[in-house]
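In order, the protein sequences belong to chains A and B.
Numbering-wise (UniProt numbering), the first sequence opens with residue 1 and increments by one.
Numbering-wise (UniProt numbering), the second sequence opens with residue 1 and increments by one.
These are calculated hints, taken from the structure and not from any lab test.
Model, not experiment: these values are computed from the prediction.
Among the clues, some could well be false.
[To be verified] These stretches of chain B come out as covered by chain A in the derived footprint (C-beta under 8 Å, 3 or more residues):
| no. | segment |
| --- | --- |
| 1 | 30 to 41 |
| 2 | 111 to 119 |
| 3 | 122 to 133 |
Idealized CB from N, CA, C, for every residue including glycine.
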Amino acid sequence: MVEWTAEERAAIQGVFNKLDYESVGRESLTRCLVVYPWTRRYFGGFGNLFNAEAIMANPKVAAHGIVVLQGLEKALKNMDDIKNTYASLSEFHSVKLQVDPVNFQLLSDCLTVVIATRLRTEFTPDIQAAWQKFLAVVVSALSRQYH
Amino acid sequence: MSLSANDKATVKALWAKIAPKAEDIGNEALSRMLYVYPQTKTYFSHWSDLTPGSAPVRKHGKKVVGGIGLAVEKIDDLFNGLLTLSELHAFQLRVDPANFRILSHNILVVLALLFPNDFTPEAHLAMDKFFARVALALSDKYR
Numbered sequence: 001m002v003e004w005t006a007e008e009r010a011a012i013q014g015v016f017n018k019l020d021y022e023s024v025g026r027e028s029l030t031r032c033l034v035v036y037p038w039t040r041r042y043f044g045g046f047g048n049l050f051n052a053e054a055i056m057a058n059p060k061v062a063a064h065g066i067v068v069l070q071g072l073e074k075a076l077k078n079m080d081d082i083k084n085t086y087a088s089l090s091e092f093h094s095v096k097l098q099v100d101p102v103n104f105q106l107l108s109d110c111l112t113v114v115i116a117t118r119l120r121t122e123f124t125p126d127i128q129a130a131w132q133k134f135l136a137v138v139v140s141a142l143s144r145q146y147h
Numbered sequence: 001m002s003l004s005a006n007d008k009a010t011v012k013a014l015w016a017k018i019a020p021k022a023e024d025i026g027n028e029a030l031s032r033m034l035y036v037y038p039q040t041k042t043y044f045s046h047w048s049d050l051t052p053g054s055a056p057v058r059k060h061g062k063k064v065v066g067g068i069g070l071a072v073e074k075i076d077d078l079f080n081g082l083l084t085l086s087e088l089h090a091f092q093l094r095v096d097p098a099n100f101r102i103l104s105h106n107i108l109v110v111l112a113l114l115f116p117n118d119f120t121p122e123a124h125l126a127m128d129k130f131f132a133r134v135a136l137a138l139s140d141k142y143r
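With the sequences and hints as input, model every part of the structure.
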């Protein structure tokens, strides 16, 4: 089981409190699709993903950004058992969505970058460490049911 | 994933803008790398103080960011332009190349928090590609 200190829990909750799901979700997914364009392979049904402007303005990208953050919120609410909380999500990503787990880290990194633009110097090394630990646990749980 | 003319122009433009804060960027990025990825501290056991913002960290951050500045200058021929640094990393420092990606990530985070408006998705793309090429050049002589 993952051990969380009180400071880590507070740091992660603190980050979530400042997140505008719509704005951060949209920008994180946009950056992922722009910086790692091969990730567009998973979004064939999203319409125009041809350039940064189109992606940023795409309503399906916006909607999906929110879905992703709501998924993360589930992990936040079940921090002491993310592994089991995500079991069916992991199965879903493996069997139905068939997403290469490498992509979880790519989106994770983009999310961290976006949070840095929002929180700026409030995103201290301490908070970055706690936040990235949280994302690492999420990424691991999402990858766990692959077979 | 080679650098297009547009990538190079984007990198140069962004670097010119952030150059005044180069020292801070180096310090912050290195500090975060050592703190968030403690395994990277194994390369610096000879330093007295590895805490964020310490004197050795700040000094080394300046050196690292100076190297990046050189890379920007030599962006049209990174493998030759960074030859000395490449040999240094290959034969003396022998830093595992996985760590180049870790440091790159932390530089991107610092650029994001210091320059949120300039660090657009396109700039993020260009810098990520650039750092990947720099890492490749630095590890060129490893084996």
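* Okay, which hints does this one fail, numbers in order? -> Of the numbered hints given earlier, the structure breaks none, since each of them holds.
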